[in-house]
Amino acid sequence: MTSATLAPDRPAAARRSARGGRLTRASGLGLGIAMLWFSLLVLIPLTAVVVTASEGGWSGFWDAVTNEQTAAAIRLTVGTAFGVTLVNVVMGTLIAWVLVRDRFFGKRLLEILIDIPFALPTIVAGLVLLSLYGPESPLGVDIHNTRIAVFLAFLFVTLPFVVRTVQPVLAELDPEVEEAAASLGASRFTTFRRIILPSLTPAIAAGAALSFARGVSEYGSLVLLSGNLPMRTEVTSVRILSSIENDNLDSAAAVAAVLLAISFAVIVVLDVIQRRVVRRG
Amino acid sequence: MVKRLIVVAYLFFLVAWPLFLVGQNTFEGGLDNLRGILADPDVVHALRLSLVVAVVAVVINTVFGVGVSLLLVRYEFPGKRLLSALLDVPLSVSPIVVGLALVLVYGGRTGWFGPTLENAGFQVIFAAPGIVLATVFVALPLVIREVVPVLEEVGDEQEQAARSLGANALQTFWRITLPAIRWGVIYGVVLSLARSLGEFGAVKVVSGNVLGETRTTTLVVEEKYLNFDKGGAYAAAFLLALVAVAAITVVSVLRPSSSEVKQ
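Read top to bottom, the protein sequences are chains F and D. full-length UniProt numbering applies: residue 1 is where the first sequence begins, and numbers increase by one. full-length UniProt numbering applies: residue 1 is where the second sequence begins, and numbers increase by one.
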C-alpha cells in the first residue's frame, strides 16, 4: 500500500523495461523547462545556503557551528536521531514481519496507522503526542519539555520508513528456502539470522538512512512538545529558525549547511545501497 | 502471537491513542470548539489560504511530476541518474532549511533575485507566492515516486503501437499513457494534497505569519495553543488530522496491498 513513504527501491526497478529513447525536440524542450523550474525552486536556493555559509570564510563557518548552544543542539539532534533509528531498525522490521507473515483481523487498520505520521502535519503530530504524554496526560506521564519528548517526536515522525522499505522485500522472499533450512534442522532463530536477515539488510539500511535523515531535519512536531530549551531540548532546526528570526542569516546558513551535508550523505548512502541491490537482483 | 501483541501495543501507544485523544479533546464541549474556530474570520481565512495554496501546489507538482517521470522513464539523457537522485532531496531537507533557502534567494531585501522581483512589483517572501513555493518544494517528489514505478511497469509497447498507427505525441499521452498511469497519478495527488495542506516549518519561515493575511491553518494551531486557546488548537488540528487520515485511508484502501504474500 502507501509507500507514500518513499520505499526507495521497489522491486519494480529491477524489471525496468528496455532503455528509453533519445530526446525528441518536444521532450528536449520539456526537459529544459523542468530543469529551469527545478533549478529556480530547489537547486539555486540550496546553493544559496551553501554560498552564504561559506561567505564568512572557514573561521566564520566554524565559529557559527561550534557556538556552545548550536553545538549542543547539533549533538542532541544527531544523537537522538541515531537512537531513534536503532529503535526503528528493530521495531520497523518487526512490524513489517507481522504485516507480511501474519493474517489477522485489523491488519488493514495497522497499515493505515503506520502511514499516518507521514501525512499528518508535524505541528499536529506534536499536539497529538502532547495529548497523551503532556501535562494533561490520562496516563499521568508528563514528558513535555524533556529530552524524552524529542526522542518520542522523532520516533513518531520516522515510524513509516523502515516498515515501508522492508515490507515489500520481505513479501518477495521465497518461503521455500526457509522451509529447506528448517527441514535441514536449522532453528527458527538460525533461519532468521542466516537466511532472512541477509536478504533484508539492504532494505533495513535504506529505511534506517531515511529515518535518520528525517529525524535530523525534524522541526514541527517539537514546537509544542519539547519546549525548545536552550542547551537541553533545542534541536538544530529550532536553532536555525531563531538565527533567521534574529536576522542573522549568515549563521543560520552555516548551521543549515551542516544539515544539508547530512542530507546529501544520506542520499549518497541510499544510492550506493540501491545500486548494490539492483546488481544482485 | 507475542510479536503481534508487541506491534499492536507499540502502534497503539505511539499513534492510535494519541490521535484519538485529539478527537476527544476537540469534542470535549460538544461542537463548541469547532464552532468557535469556524466563527473566527481569521481562522476561516487561514483555512481558505491553506486550501488554495495546497491546490495550486498540487497542480504544479502534478504537471511537473508526470512530465519528469515520463522523461526519466522513457528517455535517455546525460545527467539522468543525478537528476533522479536530486529529485529526492526535498524529502530529506529540514523544512526550516527550505524556508531559509527560499529567503536567501527571493527575500525582498537581501535575496539574490528578491530585490529585482520586488522592484518589478512581485513580492515572494512574506506573501502568498512564497508560501506556494515552500509548499511545492516540500511535496515535490511525491507524484514522481508514485508515477515512475507504474510507468516502468506498463512499458511502452502500447505507446509505440499507437504512434505507429499515426497518433501524435499528445494523442498518445491522453489516450494511452495517462489512462495507464492514472492510479499512480491519483495516489500521488492525494498524498501531495495531504502533505501540502500540512506544511508548517517552511511556511512559517517564508510567510511572515501575518494574522488574516499569510497565516495558514498549521500556523493557527501553533498560535492558538501558545495563546492558551487549547480548544481552538485542538479543533484546527482535528480538521487537519481528518484530511490526513482520509488521504491515507483512501490510498490504502484503493491500492492493492504490497504485503500480501504472493500466491
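Simulated from the structure, these hints should not be mistaken for laboratory data. All residues carry an ideal CB built from backbone N, CA and C; glycine is no exception. Be a bit skeptical, because a hint or two may be false.
[Said to hold, decoys possible] One-sided and incomplete, this derived list gives chain D residues near chain F with beta-carbon spacing under 8 angstroms:
1. Val-2
2. Ile-6
3. Ala-16
4. Val-44
5. His-45
6. Arg-48
7. Glu-76
8. Phe-77
9. Pro-78
10. Ala-85
11. Pro-95
12. Val-132
13. Leu-133
14. Ala-194
15. Ile-248
Mind checking the CB of Ala-16 of chain D against every CB in chain F and telling me if the closest is under 8 angstroms?
6 angstroms, holds
Min Cβ distance, Ala-85 of chain D to chain F: is it shorter than 8 angstroms?
6 angstroms, holds
Next item in the hint list is Pro-95 of chain D. Is there a CB on chain F closer than 8 angstroms to its CB?
5 angstroms, holds
Identify whether the interface hint at Val-2 of chain D stands, where standing means a beta carbon of chain F within less than 8 angstroms of its own.
The hint is violated - Val-2 of chain D has no Cβ within 8 angstroms of chain F, the shortest such distance being about 10 angstroms.
Interface hint compliance - Val-132 of chain D to chain F, C-beta minimum distance less than 8 angstroms
Where the cut-off is 8 angstroms and the nearest Cβ of chain F is about 10 angstroms from Val-132 of chain D, the hint is violated.
Minimum beta-carbon distance criterion (8 angstroms), Ile-6 of chain D to chain F
7 angstroms, holds
Holds or violated: is the Cβ of Glu-76 of chain D closer than 8 angstroms to a Cβ in chain F?
Hint holds; Glu-76 of chain D Cβ to chain F Cβ min 5 angstroms, cut 8 angstroms.
Interface hint outcome for Arg-48 of chain D [beta carbon to chain F under 8 angstroms]:
Not OK, violated: Arg-48 of chain D not within 8 angstroms of chain F, min 17 angstroms.
Holds or violated: is there a CB of chain F closer than 8 angstroms to the CB of Leu-133 of chain D?
6 angstroms, holds
Interface hint outcome for Pro-78 of chain D [beta carbon to chain F under 8 angstroms]
Constraint on Pro-78 of chain D not satisfied, violated at 10 angstroms.
Agreement of hint Ala-194 of chain D with chain F interface, Cβ distance less than 8 angstroms
4 angstroms, holds
Is the interface hint satisfied for Phe-77 of chain D? The criterion is a beta-carbon contact with chain F at less than 8 angstroms.
6 angstroms, holds
When held up to the earlier numbered hints, the structure conflicts with 1, 4, 5, 6, 9 and 12 and fits the remainder.
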